[in-house]
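So the protein sequences, as listed, match chains R and S.
Using our numbering, you'd call the opening residue of the first sequence number -7 and step up by one each time.
Using our numbering, you'd call the opening residue of the second sequence number -7 and step up by one each time.
It is possible that some hints are incorrect.
Copies of one chain are not kept apart here, so a pair can be met inside one copy or by any two copies together.
The calculated DMTMM-like cross-link candidates involving lysine to aspartate or glutamate, where the alpha carbons are at most 25 Å apart (straight line), are [as the list claims (entries may be wrong)]:
#  : residue 1 : residue 2
1  : K394      : D409
2  : K59       : E69
3  : K394      : D407
4  : K394      : D(-4)
5  : K59       : E133
6  : K394      : E69
7  : K403      : E388
8  : K381      : D407
9  : K276      : E190
10 : K276      : D438
11 : K279      : D407
12 : K403      : E273
13 : K276      : E69
14 : K381      : D409
For the record, the hints were derived by calculation from the structure and aren't laboratory data.
Protein chains: 2
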Amino acid sequence: MTIDFRVIARQLGLLLLVMSALILSMTGFAVVEQGFSALWRSPDALAMLISAAVGIALAAALVGVGKRSASIIGHREALLLVALSWIVGGLIAALPFWFWASLRSDAGQVANDFDSLVNCYFESISGLTTTGSTIVQAISELPRSILLWRSLIQWLGGLGIVVLFVAVLPMLGVGGRRIYRIEAPGPSPEGVRPRIAEAARALWYIYLGLTVLEIVALRIAGMGWFDATCHTLTTLATGGFSTLDASAAGFPSPSIQYILILFMVLAGVNFGLYHMIQRGEWRKVIKDHELRCYLALIAIATITITVSVYRHNSLSPSEVSPPASVAETIQHSLFQVVSIQTTTGFCSTDFDTWSYVPKAILMSLMFVGGCAGSTGGGIKVIRIMIAAKVMAAEIEQVYRPKVVRTVKIGKMAIDADLKRGILVYVLGIMLLFAMGTGGLMYFDADQGIDITTAATASASTLNNIGPGLALVGATRNYAWFSAPSKIVMCMLMILGRLEIFTIIVLFTPRYWRGE
Amino acid sequence: MTIDFRVIARQLGLLLLVMSALILSMTGFAVVEQGFSALWRSPDALAMLISAAVGIALAAALVGVGKRSASIIGHREALLLVALSWIVGGLIAALPFWFWASLRSDAGQVANDFDSLVNCYFESISGLTTTGSTIVQAISELPRSILLWRSLIQWLGGLGIVVLFVAVLPMLGVGGRRIYRIEAPGPSPEGVRPRIAEAARALWYIYLGLTVLEIVALRIAGMGWFDATCHTLTTLATGGFSTLDASAAGFPSPSIQYILILFMVLAGVNFGLYHMIQRGEWRKVIKDHELRCYLALIAIATITITVSVYRHNSLSPSEVSPPASVAETIQHSLFQVVSIQTTTGFCSTDFDTWSYVPKAILMSLMFVGGCAGSTGGGIKVIRIMIAAKVMAAEIEQVYRPKVVRTVKIGKMAIDADLKRGILVYVLGIMLLFAMGTGGLMYFDADQGIDITTAATASASTLNNIGPGLALVGATRNYAWFSAPSKIVMCMLMILGRLEIFTIIVLFTPRYWRGE
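Throw the hints in and build the complete structure from the sequences for me.
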């Protein structure tokens, strides 16, 4: 059975059409800000216009190819479509960067970060996968429409992930619906599609609602509308792109920082739970084991890090400045724990100067990540919980080989398939992390890359976080990597974002032969 | 049901008795070499005598405690006995080092490596677990009886592991007999014990036969009897202690090096296969999938490393010396691949100066290790094979959620329990590796430890290899670590050697409550 490429082309075309429309709205934003003359004078407005035109042309071609395709999309086609959405979507999202840099250099400007296509693609994949690693060395010098676009693609990527993993894939039987706590749809006369559409709509309203809430909250706390919007778009996606070089440290007001913390925490929660709240099922939400474990992890990590940071006075290491207060220490510790565990990647301070224990904890949290069905990356809290329980059960097997205990999370029994699937997933993440580290070490040996940099860059991109340690620390960026390393990291970001197997399957001959 | 400590005491006492007898034979060795006056003049002979006396006293006490114990050992007792054999055995094996150093310092000698108890225990655990990491900074200055004892405890540890994992544990239903390809004993009127005894006897003859063969071969190739014996004892155990500071590089003769290579390869094979050969089942051995994969891995790694080492001329990097020949390059590449994969840890050259790719391959081979049922450490080839097949099957599940394919190694179908067990094992090794690395980083931060050193020291001790990279590279040793780090590594060595769960289970309350 061959793959039906036409149905894929059509869906992909529709996605590109939406993205092009959004790029076009960026032109609108530039015009509103700078007047109509921006269209011929301002390189960013022009770049948006050209990108939108290219995107629409490509979208039209794809929709044309898929015109007479079947209306139902098959299992294998859906997987390919998902992968292509991010891979090709990344190309379209990169166009504004590329055209802007080209138009700008034509105008005799100095070389900038978007002069290389690989850089543009890295930035846009980092956006769509909600990672937040950037190759931009002077973020605040970017035009406002470009800054807004960077934030918007993260928001779009976050929305895409939630809809995909909570509404679409589990209904198709992919990705273990049980870890998203979705009731099986069961045989209904209307079939699966209306349920997907309904769930997707609900998620969309939730996402939009949280967006409005956060923008208003940040505005009230003193941020400008523009910064409030950009940071909201990247908070809810757990993306982490900022409009300032200093990231969240550029907004030192505690009220702003606590608002960011609150919404990062909310973005790291299973969006299915918000859907439950909508339906009035409060009790279920409060009793949710993953949610409790997620909050407990944040609390424990914050307390440990606060103690260590305060004891070593890591927040103000210089002898001139007064030592940081307890309140400040708690705030920054909480901020960094939440930012890393939810895989957002905002930096409220340079945690690379912290001592060993806080850094080791942050490094571990990178792999934990948010809850399943959130916009957060990482392995996900529920998988860690199940893997830990399976390992504990295995230990008991050593001295009681005949006793079989059921592994449970709350009332949900974990069957053999799910156990195996989760163990394989965790192992897959470890392997990819090791391979990624090895790849970066190999490709950037000439640049004197150290293992800390390579390992944290690999972990940070694979788990869709953003910053790492050492040369990719809080105050650094990814511009200095060689092109092959950047491609490795693009692959890691996509693999991590789409939970590995959705991508790896495309590299197996059997998938293509349809066996 | 409480644990029957008396039966454990008795068996442990018998083990200590055997070890004390062996220590006593070291006194005999010193007397033969130095005459009877050694007993009061030579600190090493005296140390052996005292150690044997202490050991025998302890053994007698333990046997006394267990005098009226039951003759049958239970499941939980067997597990505790296994752990204590290595932990307490390590104490007895460390006595000669400690007494020798004490007697020597009394005589006004300079401080030496065995002055600290932790160092003595590290060295003896490194021996009994067949790891081969050493804290001795000037090996060739040690007295010959001490050198022989160091080698002998490795040999003893190797024998213990083979008997334990091939004959004892699988019969008790622990550790998955299927990965050792042992036919189930089935209900026999004689019960399980005679079969264990029979299998243990066969393994003992095989081990002894290989020992005699290698000693003779090395002697013929030009090594002295003493060095030939010591190196044989540590080759067959895949231990890697040497009598020279330069390790195997001190015997540059190619014939010696190829003999070492051959016997390292043989020591990394499932000893159950030799038992099959004894019974004339050649065909089964030749068709053994793990054996083939093991040899294939060695071949592929050797070819890749040879090419890289030759191209970078890594063997003679100085500009004065002529470039190494192809034959030399193959020899050293093969030697290091075999030495690391079998987890022996001999060094024929300083591979720490090699370029990135060979080092990355060696680092990966550390985790693979030898075959199940060999004296080699690591995860074991068969586990890697099964884990890889399970992961491949999992990928297929993504696009065909309803197809269930049986994972097979040859004709052996892998059931859900074994799959889960192996995945958990691999994950457990990864976690311990990460925790070990973190522990070493933490405890030796003051000494400026780098991640490469910490990670390779953790991998090297956990997988029972010996050398690592950087500060624990081929020409270095483990003397400089802080005491807490050495204790961490002792734990890693024991955990790795006894395949993790046999040890971890002892830390669970349920095991002690007997639930």
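Looking back at the hints listed earlier, which ones does the structure fail to meet?
When the structure is compared with the hints, numbers 5, 10 and 13 turn out to be violated.
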